[in-house]
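Assemble the complex: chain A is given as a structure, and chain B must be docked to it using the hints.
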Amino acid sequence: MPPRMPIESGVPDPFQYMHPLMARNFGAWNYHERPRPGVLCHTAKSGDKIWTVRAGTQRQMDLYTIRKLCDIADEYAEGYVRFTIRSNIEFMVSNEAKVQPLIDKLTAEGFPVGGTGPSVSMIAHTQGWLHCDIPGTDASGVVKALMDELYEEFIKEDMPNRVHITTSCCQINCGGQGDIAINIQHTKPPKINHDLVANVCERPSVVARCPVAAIRPALVNGKPSLEVDEKKCICCGACYPPCPPMQINDPEHSKLAIWVGGNHSNARSKPTFQKLVAAGIPNNPPRWTEAAAIVKKILRVYKEDARDWERLSDWVARIGWPRFFELTELPFTKFHIDNWRGARRSLNASTHIRF
Amino acid sequence: MSKPMHDTPMLDQLESGPWPSFVTGIKRLAKDEGKPYQNMMIDLLGQLEHSYKTRKGYWKGGTVGVIGYGGGVIPRFSEVAANYPASKEFHTLRIQPAAGMHYDTKIMRQLCDVWEKYGSGLIAFHGQSGDIMFQGVSSDKVQAAFDELNEMGFDLGGAGPAVRTGMSCVGAARCEHSCANEQKIHRILVNNFLDDMHRPALPYKFKFKVSGCPNDCMNSIERADMAVIGTWRDEMKVNQAEVKTFVAKKGRKYVIDNVITRCPTNALSLNDDDSLAVDNRNCVRCMHCINVMTKALSPGDDKGVTVLMGGKRTLKIGDLMGTVVIPFMKLEAQEDYDKLREIAEATIDFFAENALEHERTGEMIERIGLVNFLEGIGLEVDPNMIAEPRQCSYVRMDTWDEEAQKWFTRKAEEKRAAAAG
Chain A
1 MPPRMPIESG VPDPFQYMHP LMARNFGAWN YHERPRPGVL CHTAKSGDKI
51 WTVRAGTQRQ MDLYTIRKLC DIADEYAEGY VRFTIRSNIE FMVSNEAKVQ
101 PLIDKLTAEG FPVGGTGPSV SMIAHTQGWL HCDIPGTDAS GVVKALMDEL
151 YEEFIKEDMP NRVHITTSCC QINCGGQGDI AINIQHTKPP KINHDLVANV
201 CERPSVVARC PVAAIRPALV NGKPSLEVDE KKCICCGACY PPCPPMQIND
251 PEHSKLAIWV GGNHSNARSK PTFQKLVAAG IPNNPPRWTE AAAIVKKILR
301 VYKEDARDWE RLSDWVARIG WPRFFELTEL PFTKFHIDNW RGARRSLNAS
351 THIRF
Chain B
1 MSKPMHDTPM LDQLESGPWP SFVTGIKRLA KDEGKPYQNM MIDLLGQLEH
51 SYKTRKGYWK GGTVGVIGYG GGVIPRFSEV AANYPASKEF HTLRIQPAAG
101 MHYDTKIMRQ LCDVWEKYGS GLIAFHGQSG DIMFQGVSSD KVQAAFDELN
151 EMGFDLGGAG PAVRTGMSCV GAARCEHSCA NEQKIHRILV NNFLDDMHRP
201 ALPYKFKFKV SGCPNDCMNS IERADMAVIG TWRDEMKVNQ AEVKTFVAKK
251 GRKYVIDNVI TRCPTNALSL NDDDSLAVDN RNCVRCMHCI NVMTKALSPG
301 DDKGVTVLMG GKRTLKIGDL MGTVVIPFMK LEAQEDYDKL REIAEATIDF
351 FAENALEHER TGEMIERIGL VNFLEGIGLE VDPNMIAEPR QCSYVRMDTW
401 DEEAQKWFTR KAEEKRAAAA G
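These protein sequences, in sequence, are chains A and B. The numbers in the UniProt record's numbering rise by one with no breaks, and the one at position 218 of the first sequence is 218. The numbers in the UniProt record's numbering rise by one with no breaks, and the one at position 25 of the second sequence is 25.
Isolated chain A, as found in the complex (with noise of 0.2 angstroms):
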């Protein structure tokens, strides 16, 4: 028998999977409300109204957990979810009065109900320990471990403006960008195992890969290895993927770094990418309570000194990266200097200074 070929379908058609009443609304709303915080409600053009409730995930789901969510929303809501970016997952009701008992239904089942409006939001986040092959630190472990430090911000709608986390397992960044970003920083170039590059890499694409042409060619005990000048090497750790045996996750060197400010929305400002603020975080699993006590005190000071709608980018374009310094008590470093190609844009070229 000829091996089966695959249908080659791609990405599949949502109106067979969409709640009825949003398909057949569909580009027809007109306006919508959070009547509380985890739930929206949308009006059609039609008059047609659907409430939805957002629920927060471990978005890595076991059968049980993903059937139980299926049980709520066949019993609670009416058969149909869907996920957002963050891995919550929303539950539509065409009916004001499921509203309550779906809510009372998750939270007692242990969902909590929020991630709307100006909250902080499940974080997203990579694969970690779990399953990637690059991994410095875990990613669900450290995203259990804060989203139980966060709880209260998720379940609540009490920030100046809505707060996206994002967690990262290595310096790529799969994680992405967020008004808070807590990403794996190398601090040492790789150490090479010399008796594998020859079989495992493809010499030249390691060479190429590296972003300041710190690796060579080399041969080393008489095999065809690779080297690295440490004193270029900005551990960045492009060369693992490509070279496994040029290993760069460290138990005590790698560390972890804070990065705030970024944020992709057009509203207000044009969008930002996250800056550093703080590293030499210890990766200790498995509360990572250092790292965790940094991205409190942030969202502490940020609720207490921004102004309602105001993104982190946003608060801290009003009161000045040194304030941000200062009121946060984040050391600033040298490090904190961009030196990077380009880094001159990011000094400041004026008398604009806040006394």
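One or more hints might be untrue.
Stated by the list, open to error - In silico lysine-lysine, DSS-like type, Cα no more than 30 angstroms apart, as pairs: (1) A:Lys-270 <-> B:Lys-316; (2) A:Lys-232 <-> B:Lys-60; (3) A:Lys-105 <-> A:Lys-156; (4) A:Lys-188 <-> B:Lys-316; (5) B:Lys-249 <-> B:Lys-295; (6) A:Lys-156 <-> A:Lys-191; (7) A:Lys-45 <-> B:Lys-205; (8) B:Lys-244 <-> A:Lys-334; (9) B:Lys-117 <-> A:Lys-223; (10) A:Lys-98 <-> B:Lys-106; (11) A:Lys-188 <-> B:Lys-339; (12) B:Lys-106 <-> B:Lys-27.
Said to hold, decoys possible - Reference listing, derived: stretches of chain B covered by chain A, where coverage requires no fewer than 3 residues with Cβ under 8 angstroms from a Cβ of chain A: (13) 48 to 59; (14) 67 to 78; (15) 257 to 269.
I should point out that these hints are in silico values taken from the structure, not numbers from a laboratory. A virtual CB, placed ideally from N, CA and C, is assigned to each residue, including glycine.
Leaving out everything else, chain B in the frame of chain A:
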């Protein structure tokens, strides 16, 4: 008969606290007597605890796939299989969800049934590229699991140097801000490049992301090689009665502090009678005032999209935002969608031919210059593509007159077309 559970004192600590615990979930699978995945999950917990203790990861890649495809399965082999043999192979199937990530419970249960039969019982909704991550399957079951999912109407997503799984916001399905048919754009773009997704042969990854408005809930500006974002070009819609209701409810100070003075281009003014004056010519459609006054304000009627290219995260030259390459295009008639698809085709062709290995579109644009890229894909220059014109005088400009003439000719043509249309 199952093997004994490993001691997991560190992971156990992640079972306390109010947030749902993935550890509790994995433990349930590990205690699931008689299930095919039970031993695999027992050893997965063992290996994960070992990672927590030693602060290192122990998975390595390899080559595992399904017949007919070159990518989409993420191979994982354990480096500590001697101690945790049952999870020595723990591959992931990346499966593309429906655009907008909609599910009914029937299909969710069917997805679970497949993963109960062949996989680990662990599923991530969703990975950072937008795939459903069916995490943990041994090499011998990859094909059977995929076949069943494929017969249900699901397809593998992208991995490696390929077109990747796309993402689109909930958009027109539930959001009044939506200025586009996000799911249609998403499906047209991604489904046109399935060969480039399933048989990785590009210089590096290429991502499409679609957001229905400039709030960009899909983070396409920062993460997509080609970002399609809904917008409008006529006047924003103002329901003055609702404006007055909002002012009456929130107070003038709130409205001035949170709406009027937050407008990035000072295009708003609160009139003495509490109605809103909008200088639409200077509105940059940032969405802020519409976000605050959802009932009173909404996008205009002349909707379309802005296309930006070259967004990406760190490697290799640092973060890059997408750059505007099409300030506005209508997406109504089939020809409009065809045009968008053709622009994507020209872009991917140009990328395939001109990017260096492991170079993203944004890095290629940085290396060759935006103008060369635009010429390569057949788009005209536009002042909306820049934050400001050139500062540096070190440039050769001996074809200035021809270039200026092109601009005047184009403008004259646009004027004629507008008059005729």
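Does the structure break any of the earlier hints, and which numbers would those be?
6, 7, 8, 9, 11
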